[in-house]
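In order, the protein sequences belong to chains A and B. Residue numbering for the first sequence follows our numbering, beginning at 94 and increasing consecutively. Residue numbering for the second sequence follows our numbering, beginning at 7 and increasing consecutively.
These aren't lab readings, by the way, just hints derived from the structure by calculation. Worth double-checking, as some hints may not be accurate.
In silico DSS-like links for lysine-lysine, alpha-carbon gap of 25 Å or less [said to hold, decoys possible]:
(1) A:K225 - A:K423
(2) B:K68 - A:K430
(3) A:K430 - A:K308
(4) A:K316 - B:K67
(5) B:K59 - A:K225
(6) A:K316 - B:K59
Listed here are the chains, written in short residue letters.
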Amino acid sequence: MSEFLDTVVSIWRNSGFVGIVENPLYLVMIAVACLLLYLAIVREFEPLLLLPIAFGMLLANLPFGEIIHMEYFIDITGTQDPSLYPMFSEILHHGGLADMLYLGVKLGIYPPLIFLGIGTMTDFGPLIANPKSLLLGAAAQFGIFVAFIGATALGFTGAEAGSIGIIGGADGPTAIYVTSKLAPHLLGSVAVAAYSYMALVPIIQPPFMRLLTTKKERGVVMKQLRPVSRTERIIFPIVTTIIVCLILPSATPLIGMLMLGNLMRESGVVERISKTAGNELMNIITIFLGVSVGCTTNADTFLTWDTIKIVILGLIAFIFGTVGGLLLGKLMYLLSKGQINPLIGSAGVSAVPMAARVSQKVGAQENPSNFLLMHAMGPNVAGVIGSAVAAGILINIFS
Amino acid sequence: MSLSALWQSVSAAALAQNAVAGETSAPVVVVTGLSLVFGILILLYFILLIEGKIFASIDAKKREKPQSESSQKEAALPPAEKEVAQSQPAAAVAEEGVPPEVVAAIAAAVSQLEGGEIYPSFCEPCGRQPRPMGPCRCDQRHRAILREDRVYE
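With the rest of the complex left out, here is chain B (with noise of 0.2 Å):
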């Protein structure tokens, strides 16, 4: 039997069916209606299911991608360098939103066009974050320190 022909009499079927159906007994009804309610939001459960897994899979694809650089990047640098990196303090560890490195970068860029000093967040000593455009407000008054390791003052 035909694909079409096989349809066909399925749709017959289900018209014979739609023409009876005010003699449908309750029994019935309720197999009917609660096989079909099961069905439907089964079958939207397996769909769920699987677009989480596949923006799960996404996610991880893109939370390895920026790992990966950034090994690559720190193989790369000389070994001078690299213990450098290593002793950066735990508070310069890019957090969730703009990135330090970025924030720092533009307290610098707008403090030189204002033709002021150039003071980045965070200082290294005492691991606070400064004003802005300002030095650490502890008792020293700490230089603070890019990740690049470049000194401001």
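Here chain A stands alone, though its shape is the one from the complex (with noise of 0.2 Å):
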């Protein structure tokens, strides 16, 4: 009987009330992965990838359950040389599923695959009939700026600040490539923020947008776009490879994969891998990179003034995001004589197709036969490649 009562202490011991016992912090993380849940299950907010996410951080946060060891990709105790990271040798001898999914992330291989998938599903038709839309995408970019500009203040390393300020760019893989790269310490808490906004966008954007703009100006009926040949779709993706990709070396593999996506779309050649890309490649990835992502949050990066701080920035960085691309989007309402819609500008901000999908709304509000949906995929897939090229940037200052 004492066996039997000894046993039962001991499995008691090992388990996670214990651990929760002696360390309270894990069950604030639950309840933090069960509100990130409940929000992508029941507010339907970027569930493909905010659910993952939220059961990583989950299974992350049971104690004991060491589904992952970030000891072995990021210096803890930050006295280590860092070429020693990540451990590849403790990895493969030591570490569980968590660890080697997690491997595609810190080694920037998920995102630019999710770019592929991206690519294969990227209509480039709308920004080469209207290639005024690049400039508004560039506009667009200037949230991640300010909020770099905030981020330092509030007193993060450069290389902290570039991942903080990408979350302006709305594009979940970019801010995740670009933050395994610079800052991964900080992932769980800059993924979390930056798939939330992106959810938010058709809540964070429309009061600016009426704020900045004119009755007048919202009314605006856009001309109907030019049809694009095939040919010039060909040629699209591999012109801007080779420019984006000589001028910034660091973002070729999202700018890469994301053009080599679209051309197998656009040639038609490939129509079988171009399907797998876009849909059963980029859906194992993305269960890949939330559960992997979902899994780097323990309470004791995730539950600080810092999280806070990059949720601020992270909120900072989409309103000026938006902002910048409907001044653009102003200017250009000026210069072309009423021609273009400002409210187009705030799509700049990628997070396709939703900002698209916010200027059609906003601008059907004031002339229901409006629609702008076309017009604003032009500058939504133009942030796309702007975010990318940001991301090329500051990885190339910093790393």
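Relying on the hints, combine the two individually framed chains into one complex.
See the structure below:
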């Protein structure tokens, strides 16, 4: 009988409950994970990524589960040689599922593969038909640099500030890619903030869109876009890859994969692999990325003032990104003598196609017969290129 | 200074800048970042602009070619045939996709192969499009006419 009791006591001592009693912060993290699960499932806030991230967070914060060993990936003590990380030997000998999955984040494999899938689903036609959209896509990156200044002012290092600023690009894979390269210890906070704000685009953007535009500007009906030939669509990804990657080699993994995916789509000769990249492969990578990013969040790194600062700076980045696009949209409205609806400028913050839908919705509120969606898709996809370029610049400067 | 020497000095400056990258101040990052983002996207804008103009001129040339060919053909026709050609109904004008004369020719060929009667695509008097292999379904059951004005029964 005593042997039985000893075994039960031993099991109890090794259970997660003891861990929670020892460190109640685990309970807070479990509550945060449940809140994110609620947002993903009930409110449908970016559920494709928020759900696996939240569940990964839950798994990582069940005491003694040891689903991931972050000490193999980053120098927690801050005293080791950074070149020793990631510790491949330790990961291969003692690592588990999440350690293996996290290698894809750490080595920068998943975000470019997601970009490959995004490329197969992106129609650059509206951008090619109206190249001015590229300028709006550039202006909407303003938020990245405003948040960067804010982050440095709040005491973050340049690399950390770059990772926080990139939230303003409103592009999840780009934010994860930059953060995994520059500030891996902030990955959980940055990813959660980025995906949460991306889901909140329909709530964040409209007040600023109404504030910065007049009723007359919002009601502008834009001319129909010209048809774009197949040859133009094929040339675009090739030329963009060559130009961007020659100027900014650090943007090659993101831009290269995005354009490869798009070329596969537009060429029409590799329909099978194009479908695979846009469906099965992207879905698999989304699961891996979400779970492994979620697993990086633990009480010590997540429940800090830094996370709160990141959440606030992320919001600032989104707002200034929207404002940047809208202001350039207004300038283009003036220069074109009322031909361009400034509302399409806010779509430059990436977040495809949510931001373009918001432009359409706000425009339709002024003039129900106004269809801005295709016009807004131009700045929207330009924003994807712009945020990848900004990511390349930040990596180039700080890595 | 030779071009290669200039390139070397620029590369050295770039490498030196990389070496002190860790010390780059925030304003420099912001100015560099925004300039590069705008610079690259403006470059792409001009490339797309030029590309668009090239393709627009190619399209315009393509459109001009068939028009000039048809006007040459028209000029070569005798006056009587010209009048007939001009009196063709608007419905007979080629639309996008497969031209009606091609449809009519295919329909005629298929019908001939099957040993049946030949009825082309358009019914001239009422402007309707009859069944592919039958006469017009209007009250008068008009005889359909090909653009070349050849009558079939």
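Hints and how they fare:
Distance restraint check for A:K225 and A:K423: the Cα-Cα separation of roughly 13 Å lies within the 25 Å cut-off, and the hinted pair is therefore satisfied. This hinted pair does not check out: B:K68 and A:K430 have alpha carbons roughly 33 Å apart, beyond 25 Å. As the CA atoms of A:K430 and A:K308 are separated by approximately 16 Å, the hinted pair is consistent with the 25 Å bound. With a C-alpha separation of about 24 Å, the suggested pairing of A:K316 with B:K67 holds against the 25 Å cut-off.
With a CA separation close to 14 Å, the supplied pair B:K59 and A:K225 stays within the 25 Å bound. The hinted pair formed by A:K316 and B:K59 meets the criterion: a straight-line CA distance of about 18 Å does not exceed 25 Å.
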